[in-house]
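The sequence shown maps to residues 1 to 65 in this note's numbering.
Worth double-checking, as some hints may not be accurate.
[Unchecked claim] In silico EDC-like links for lysine to aspartate or glutamate, alpha-carbon gap of 20 Å or less:
#: 1; residue 1: K28; residue 2: E54
#: 2; residue 1: K33; residue 2: D46
#: 3; residue 1: K28; residue 2: E49
[Unchecked claim] Taking CB as the label site, the calculated pair distances span:
#: 4; residue 1: W59; residue 2: Y21; range: 17 to 23 Å
#: 5; residue 1: V19; residue 2: D47; range: 27 to 33 Å
#: 6; residue 1: Q34; residue 2: F61; range: 24 to 30 Å
Don't read these hints as lab results, they were simulated from the structure.
Using N, Cα and C, we set each Cβ at its ideal position, and we do this for glycine too.
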Amino acid sequence: MTGNGGEGKLVELLIVLGVLYTFEVGEKNKGKKQIAGDTQAYLAVDDLEYGVAEKIPLWLFGFLY
1 MTGNGGEGKL
11 VELLIVLGVL
21 YTFEVGEKNK
31 GKKQIAGDTQ
41 AYLAVDDLEY
51 GVAEKIPLWL
61 FGFLY
């Protein structure tokens with residue numbers, strides 16, 4: 001996990017299949033500035049009921065725990 005100056009957390013996750021996914025964790029109005037250009041990057045967003053495009057609700061990650 002890499003910190004980025006207090007603007008959220010950038011998390012890179014290597015899945016067993018060998019594919020690298022990048023998750024930027026932040027609030028509902030978090031932009032895609034830090035993950036722009038990365039085709040395997042997604043936003044894990046707080047206070048979001050359902051996902052849209054590259055935004056995944058943060059609460060869904062609780063089902064994986």
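The hints, checked one at a time:
no. : hint                   : in the structure
1   : K28 to E54             : holds, 13 Å
2   : K33 to D46             : holds, 17 Å
3   : K28 to E49             : holds, 10 Å
4   : W59 to Y21: 17 to 23 Å : holds, 18 Å
5   : V19 to D47: 27 to 33 Å : holds, 28 Å
6   : Q34 to F61: 24 to 30 Å : violated, 18 Å
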